[in-house]
Amino acid sequence: MIPQQPSSFLARALRGGPGRLLWLTLMLIIAMTPMVAAQGTPEPRDGGTLVVSIASDPGHFNPAITTGFTQHVVADSMFNGLVGLDANLQPVPDLAESWEISDDGRVYTFYLRPDVAWHDGMPFTSADVKFSFEEVLLKYHSRTAAGLGAVLESIETPDDLTVVMTFTGPYAPLLRRLDVTEAPIIPKHIYEGIEDPTTAEANLKPVGTGPFKFVAYAQGDQVTLEANEDYFKEGLPRLDRVVFRVIPEANSALQALQSGEVDYAWNVTPAQIQLLQASPDLETATASASPGGALCINTMAFNLENEPLDQLEVRQAIYHALDRERMLEQIQFGAGKIATGPISSAMSDFYSADVTAYPYDPERAMELLDDAGLTPDENGVRLTLVFPHPNTFDRYGELIREQLGAVGIAVEDVSLDFNAATDRVFLDRDFDLAIVSYCNGADPEIGVRRVYDSRNIRPIPFSNAAAYSNPEVDALFDEAATTLNADERAAHYAEIQRILTADVPYMWLIETEGIRAFRPEFHDFKHWSGHFAETAWTENAAE
Amino acid sequence: MAAHLPRYLLRRVLQAVPLLLGVLVVNFFLIHLAPGDPIYLLAGDGGDEPYFAAMRQKYGLDKPLPVQLGLYLLGVVQGEFGYSFAYARPVFEVIAARLPPTLLLMGVSIVLSTVVGVWLGVVCARRPNSPVERSVLVATLLGYGCPAFWLGQLLVLLFAVRLGWFPVQGMVNARADYEGLARLSDIARHLALPVATLSVLHLALVTRLTRTGLREELGKDYVRTARAKGLPTPSVVNRHALRNALLPVVTVVGADIGTLFTGAVLTEIVFAWPGLGRLLYDATLSRDYPLLMGIFLLVGTSVILTNIVTDVAYAVLDPRVRYT
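Respectively, the protein sequence lines represent chains C and S. The numbering used here puts the first residue of the first sequence at 1, with every later residue one more than the last. The numbering used here puts the first residue of the second sequence at 1, with every later residue one more than the last.
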């Protein structure tokens with residue numbers, strides 16, 4: 001992850017590349033110009049409005065009932081979690097100022113900040129935390145419900161500022177799944193007694209504890225927030241106002257950014273990178289995490305139930321036949337890196353580079369296919385594979401058809417809308433190859449496990465699409481989730497990565513990164529977080 | 001005609017009820033039988049079986065389709081249109097919030113393109129084979145062939161990004177809280193480019209229809225009689241011939257008003273206009289069944305009603321038309 005780039009000149013010069021000399025020269029000239037040099041590095045200022053473009057309409061502002069990207073991008077700025085995540089996705093205090101974990105790893109005790117108030121002035125207490133989990137998060141927040149529902153035994157509140165969570169066994173990943181995106185805390189005094197929190201009126205007039213307060217919502221058009229003057233983090237937020245603008249078309253969003261109508265765009269596509277680099281008056285940043293999913297890997301699944309994909313050699317051959325450099329360059333336009341296995345390299349505590357690699361090698365691919373007895377017919381075709389995919393992956397479809405075609409594998413490329421593709425792969429299991437952007441969260445237990453655990457071979461989206469079943473892997477995941485020692489956990493995950501890359505039930509293509517574009521007078525965004533604007537400020541603010 | 005009109009209207013409205021029911025039933029099965037599941041959207045990148053089961057039950061998706069349809073129709077009769085899955089709010093409210101921007105965009109565009117189109121048509125018909133006519137006809141041909149998506153982007157690049165005369169997107173300025181007149185002029189500025197995009201296609205159609213119709217009428221005997229009586233040309237054209245020439249234009253405008261609510265999906269997307277066309281598009285992608293049904297109901301009703309109104313307008317324009 002590359003956090004906020006401090007200043008365009010410096011960043012460009014240090015990034016190197018062909019333009020490096022030019023930038024260094026430019027910096028020198030500027031440094032020698034007294035008037036410009038006098039400005040120096042700007043100091044953070046208070047005030048100003050940030051206009052943010054988002055691709056779709058949030059519809060409501062209750063982050064506890066959904067995992068939707070758009071809802072979280074907007075609502076997270078108005079709420080908090082018990083724990084935040086820093087730029088390296090390590091837990092940092094948010095609503096909880098400190099915590100203790102029992103020696104057996106079953107009991108987590110959180111000590112809440114005493115100075116937190118809801119936007120309507122009511123004090124925030126441990127009762128809000130208990131209520132949020134029991135009545136809303138564990139029922140309606142799909143990831144938290146699926147992840148904690150089975151292992152969380154109880155939540156107790158011995159006093160107003162203490163929350164005790166007890167688990168059925170040791171539970172290691174908890175601290176990384178309590179941030180404002182995974183487990184936002186909502187006010188008990190507002191939602192208590194409401195039969196159905198998903199349709200509550202309060203979802204349209206949100207009351208949170210977060211850095212910004214709700215002002216107005218024009219459906220399909222924009223959401224206006226203003227600074228929470230009583231925010232519990234000293235000196236924050238710095239901006240006066242944040243306006244979210246719904247701009248469905250990525251090109252329109254970029255044009256609005258260029259014309260100055262928008263200051264920050266979430267919905268930048270990789271194809272726009274070159275355009276952005278040609279606009280000297282715009283900054284770009286990439287982040288491997290966002291409220292829509294963290295550390296995502298574009299992953300292809302083999303349907304292991306279909307012949308001849310049940311043969312290891314065939315899977316190895318197909319992996320060798322893919323030119324992932326070209327995918328990274330031509331589809332992602334460089335935003336991301338080539339994946340080496342099931343755990344993203346950005347998850348530094350758990351990633352292991354000690355894995356079997358599958359470099360692009362069409363010769364080797366053809367040898368392996370020959371060995372597997374798949375020889376070309378009179379048309380040069382060894383094998384035909386059906387590849388249904390969401391239309392957002394059309395460009396992958398084209399490249400994969402071409403690259404597999406080169407080694408004699410015909411690909412029937414079927415482009416569908418997201419919903420139809422999900423049905424076809426996960427429900428109907430009518431595919432040979434599938435492609436999914438599996439997002440993994442800050443801990444392998446949040447996202448990685450569901451893809452490989454044999455108990456997760458089931459007809460729901462983002463489950464184990466390959467139908468990969470290996471009791472050893474299942475057991476390693478179980479142990480890793482219940483081991484508190486960080487080194488032991490890392491060792492378990494390293495072993496999992498070693499086994500999976502040897503078995504290749506999936507092909508890990510690209511670790512994707514989200515691209516943000518913004519106007520250069522804005523600084524200090526947390527691009528990876530739902531709290532992206534908490535620390536942001538603008539040079540345009542009136543003194 | 002006058003005496004028969006009330007009975008005629010009553011009959012047409014009564015006929016509309018089974019028609020609308022048919023539209024709802026067919027659409028209901030179409031959207032439910034399409035692959036995909038609305039729960040995918042709600043679950044996002046997560047969820048397990050208990051979660052999926054609980055959500056299906058909560059939204060009544062676990063019941064057999066005919067039962068779901070029956071419950072939906074029963075609700076509609078009582079004025080209950082259900083809850084949108086994505087918005088978690090009553091369908092009626094969600095649609096109502098998106099109606100004014102769409103009506104504004106489509107209304108202005110239809111009025112503008114019809115008035116200008118009829119005027120251009122008259123200009124052409126009165127100067128057959130002149131350079132004016134030829135250039136208007138070529139321009140309308142180009143206009144009719146332009147995809148809205150492409151034209152919209154082009155207008156944005158030129159008039160918004162390059163020249164800075166108009167905003168790129170949206171309905172109001174995000175940085176200012178305008179009130180009163182200032183707000184109106186802000187909306188008008190935002191309206192200019194999407195209206196221009198939408199009007200081009202419609203304008204071309206109206207211009208050509210008016211021109212063709214008027215030229216035909218101008219060659220008829222009654223026009224010659226009027227001229228022989230010494231009526232001035234504007235009076236002949238505008239009061240006598242144009243009235244007859246406008247019949248096909250009324251049909252086209254009527255059909256456009258029918259699709260008023262959803263006719264501008266692409267334009268609304270390019271200009272980030274917060275209207276109903278975009279809502280329909282989003283609802284389709286997310287398989288938001290209740291919201292889709294609500295929009296179908298609205299569009300179905302409006303098409304049927306405008307058809308009735310168009311037929312009545314015919315009678316006003318052409319006394320030969322009789323209703324029984």
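No wet-lab data here; the hints were simulated from the structure. Be aware that a few hints might be false.
[Stated by the list, open to error] Looking from chain S toward chain C, a few residues come up when the C-beta cut is under 7 Å (computed):
id: 1; residue: 46
id: 2; residue: 175
id: 3; residue: 176
id: 4; residue: 178
id: 5; residue: 287
A virtual CB, placed ideally from N, CA and C, is assigned to each residue, including glycine.
Outcome of the hint check:
1. 46: The hint holds - residue 46 of chain S has a Cβ within 7 Å of chain C, the shortest such distance being about 3 Å.
2. 175: 6 Å, holds
3. 176: At about 9 Å, which exceeds the 7 Å cut-off, the nearest Cβ of chain C leaves the hint on residue 176 of chain S violated.
4. 178: Violated, about 13 Å.
5. 287: With a minimum Cβ separation of about 6 Å from chain C (threshold 7 Å), the hint on residue 287 of chain S holds.
In terms of the numbered hints stated before, the structure departs from hints 3, 4, listed from lowest to highest.
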